[in-house]
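Read off the chains here:
There are 2 protein chains.
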Amino acid sequence: MTLFAFRLEGRSGRGRAGVVRTPHGEIPTPAFAPVGTQATVKALTPRHLAEIEARLVLANTYHLYLRPGAERIAALGGLHAFMGWPGPILTDSGGFQVFSLAATRQVDDDGVSFRSHLDGSLHRLTPEKSIALQAQLGADIIMAFDECPPPHDRRTNEEALRRTHLWAERSLAAHTRQDQALFAIVQGGIFPDLREQSARTIAALKTPGIAIGGLSVGETKAEMHAVLEALDALLPEDRPRYLMGVGSPDDLVECVCRGVDLFDCVLPTRMARNHAALTRRGRLNLRAAAHADDPRPLDPGCGCYTCQTFSRAYLRHLCASEEMLAATLLSIHNLRLLITLTADLRTAILEGRLETFAEAFRADYRKRRPEGE
Amino acid sequence: MTLFAFRLEGRSGRGRAGVVRTPHGEIPTPAFAPVGTQATVKALTPRHLAEIEARLVLANTYHLYLRPGAERIAALGGLHAFMGWPGPILTDSGGFQVFSLAATRQVDDDGVSFRSHLDGSLHRLTPEKSIALQAQLGADIIMAFDECPPPHDRRTNEEALRRTHLWAERSLAAHTRQDQALFAIVQGGIFPDLREQSARTIAALKTPGIAIGGLSVGETKAEMHAVLEALDALLPEDRPRYLMGVGSPDDLVECVCRGVDLFDCVLPTRMARNHAALTRRGRLNLRAAAHADDPRPLDPGCGCYTCQTFSRAYLRHLCASEEMLAATLLSIHNLRLLITLTADLRTAILEGRLETFAEAFRADYRKRRPEGE
Chain E
1 MTLFAFRLEG RSGRGRAGVV RTPHGEIPTP AFAPVGTQAT VKALTPRHLA EIEARLVLAN
61 TYHLYLRPGA ERIAALGGLH AFMGWPGPIL TDSGGFQVFS LAATRQVDDD GVSFRSHLDG
121 SLHRLTPEKS IALQAQLGAD IIMAFDECPP PHDRRTNEEA LRRTHLWAER SLAAHTRQDQ
181 ALFAIVQGGI FPDLREQSAR TIAALKTPGI AIGGLSVGET KAEMHAVLEA LDALLPEDRP
241 RYLMGVGSPD DLVECVCRGV DLFDCVLPTR MARNHAALTR RGRLNLRAAA HADDPRPLDP
301 GCGCYTCQTF SRAYLRHLCA SEEMLAATLL SIHNLRLLIT LTADLRTAIL EGRLETFAEA
361 FRADYRKRRP EGE
Chain C
1 MTLFAFRLEG RSGRGRAGVV RTPHGEIPTP AFAPVGTQAT VKALTPRHLA EIEARLVLAN
61 TYHLYLRPGA ERIAALGGLH AFMGWPGPIL TDSGGFQVFS LAATRQVDDD GVSFRSHLDG
121 SLHRLTPEKS IALQAQLGAD IIMAFDECPP PHDRRTNEEA LRRTHLWAER SLAAHTRQDQ
181 ALFAIVQGGI FPDLREQSAR TIAALKTPGI AIGGLSVGET KAEMHAVLEA LDALLPEDRP
241 RYLMGVGSPD DLVECVCRGV DLFDCVLPTR MARNHAALTR RGRLNLRAAA HADDPRPLDP
301 GCGCYTCQTF SRAYLRHLCA SEEMLAATLL SIHNLRLLIT LTADLRTAIL EGRLETFAEA
361 FRADYRKRRP EGE
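Keeping their order, the protein sequence lines are chains E and C.
Counted from 1, the first sequence has number 226 at position 226 by our numbering; the numbering is strictly sequential.
Counted from 1, the second sequence has number 9 at position 9 by our numbering; the numbering is strictly sequential.
The following block holds chain E by itself, in its conformation from the complex (with noise of 0.2 Å):
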């Protein structure tokens, strides 16, 4: 446990300020990890992850266990070199794209029989396999082979969990690298007796971080904040907890008001690609036309190259004009947001005026401007 290790440095209500070590570098939390699906966070080099000061990068072993596959990549020297990203990296276990992109799928308690997406060729993950996979990429921290069902149908949910609970041993058991550490899943849609169960028997198996899956998967917002509070008292306060896939501004604020220290999404990257910007007052449409002739950066107070260099004009133009500069642009500024928003709530919890902070963001975000303002 030399390598890896978390030290709890500050609470501020359910906040949690806090530092994640790993192989690769220190991750201050709260931290939002840029999603970097087939090795690379799209439309941005290493070197524009390391100006925004993102700390984790994300990569999913589907993706890359289908293509170029993992034992390549581990002769090419793993995820790191083949990426040329020094700092850390997480992987999933593949098993949420197993159950959202694969083309048809047949679950057994011993794994999951699968067709690539891309090709339709027959594949089979285990939770051994998995763990192997994810071996063979080398990511500092890994994930336990878990099912994840749609959060409301209770019947699918027990039978999901009893599996993910079996899987997470069976992680566990195949777990073998020393440099990475492995966290296992809560599962249990938006069931609170199944998430208390869940939590009991993943916390049970102290495992160095545990990861919340099945949520912002089509609950309500309350729902996933009742989860989320539920969890709090359940969870051990000595480990990190890492919610997958959630990373709006607002969730961001709210998630870390109830007990949570990682995050991960699509969100900034995907909407950079569709023209859309993230501010703390809302989004920005980058297509209107009430952009073309505005001198002012995206955000007057952000720091990043994208608003310390560009106009909302020029953006516009690159926008309208179907301009690869322009996800590169946005992808910038979206996720300096994100990482600048999860900063400022460290500082506020280990300054303890958490849920000041949260009510001064939430009256400015719900302040939004209209669209294309």
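It is worth saying that the hints were derived from the structure and are not from the lab.
Keep in mind that this is a model prediction, so the values were computed, not measured.
Just so you know, not all the hints are guaranteed correct.
[Said to hold, decoys possible] According to the in silico footprint, chain C covers these stretches of chain E (three or more CB under 8 Å from chain C):
#	region
1	41-50
2	185-193
3	306-314
[Claimed, not checked] Straight line, CA to CA, 20 Å or less: simulated DMTMM-like cross-link-like pairs of lysine to aspartate or glutamate:
#	chain 1	residue 1	chain 2	residue 2
4	C	LYS221	C	ASP153
5	C	LYS42	E	GLU322
6	C	LYS367	C	ASP250
7	C	LYS221	C	GLU196
8	E	LYS42	C	GLU322
9	C	LYS129	C	ASP179
Positions of the beta carbon are idealized from the N, C-alpha and C atoms, including for glycine.
Take the given structure of chain E and dock chain C to it, following the hints.
Chain C alone, transformed into the frame defined by chain E:
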């Protein structure tokens, strides 16, 4: 002429080394200018351009006139501020695009009427309009309005040349901004007598630089070289010569050996988007499976970010996965290659060994490895 000057620093054979001074910085020549058609060199930030030591960037008046509009760019502070590029910029006159891109066009001695390739709207360009648009855009080097016909039709070239000369005089008369250097353009297709007539007419206008148009548009390499050799004897020594739209590695070497100082071309960035890399030994197709496990950089001798950070295997993965980063990383390398090549040509000229350098280059370049190596 204090804002703009050309200083010839050395010759080797017919090759020239010099420095072009502009209000936004100096351009050591020979130099290659990346093309930023729509006020962005596709897939690159201005910082990338600075890193690869680009000294001059081209933008297209035709495209920027149609979208977002030259008046709008002027109101936003001109092209340098708009696109966030603080170095020298060159704009073309719009003539070439009207003849190559516009949906329909009608030429008379006064100018050209055409329909936009974007929305079919009707527009008219004249020498006066082109210079006014370029004044609004605010580049350091601007071009006289010209007609660029196919290179092999004698009658069309005679007629176009008569107009090009008329229009060069009118462009000069319309030129007002002292911080912009107006270059006139030599035309005449592949016909030695027309080229000679054009060189004498254009040289007599005493513009601070002379462009050579109508090459690399369908003629053979031998025809292009013959035109350049004929022009070299006729063009004034004390003004920079800009060969428009030329830019493969071997073209740069051969044309520098025939007295050319400035180049621009979409080839390196267009090839990057088509997943091909330029090297001094020919091209590499990065989609080829042969690269899938290759840990080597594109070019072990190249100092660019791409070659210093990523393997061919990773680049091949990005190309196969249709990731946007492929275009960015290959554009960085391809442009850097041409910029380094012009810098090496410059050194060879200053050291009086251009022909030796060119011979060694030709020997290497002829040893092209098969695609995918």
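Against the structure, the hints come out as follows:
Counting residues of the region 41-50 of chain E whose CB lies closer than 8 Å to any CB of chain C gives 6, which reaches the minimum of 3, so the coverage claim holds. Counting residues of the region 185-193 of chain E whose beta carbon lies closer than 8 Å to any beta carbon of chain C gives 0, which falls short of the minimum of three for the stated coverage. Coverage of the region 306-314 of chain E by chain C holds in this model, with 5 residues showing a Cβ closer than 8 Å to a Cβ of that chain against a need of three. Using a Cα cut-off of 20 Å, the hinted pair C:LYS221 and C:ASP153 holds, with the two alpha carbons roughly 17 Å apart.
The suggested pairing of C:LYS42 with E:GLU322 holds, with an alpha-carbon distance near 10 Å, which does not exceed 20 Å. Taking the CA atoms of C:LYS367 and C:ASP250, the gap is near 13 Å; set against the 20 Å cutoff, the hint holds. A threshold of 20 Å between alpha carbons decides the hint, and for C:LYS221 with C:GLU196 the separation of about 19 Å falls inside it, so the pair holds. A C-alpha spacing of about 10 Å is found between E:LYS42 and C:GLU322, which places the hinted pair at or below 20 Å, so the restraint holds.
With a C-alpha separation of about 18 Å, the suggested pair C:LYS129 and C:ASP179 falls inside the 20 Å cut-off, and the hint holds.
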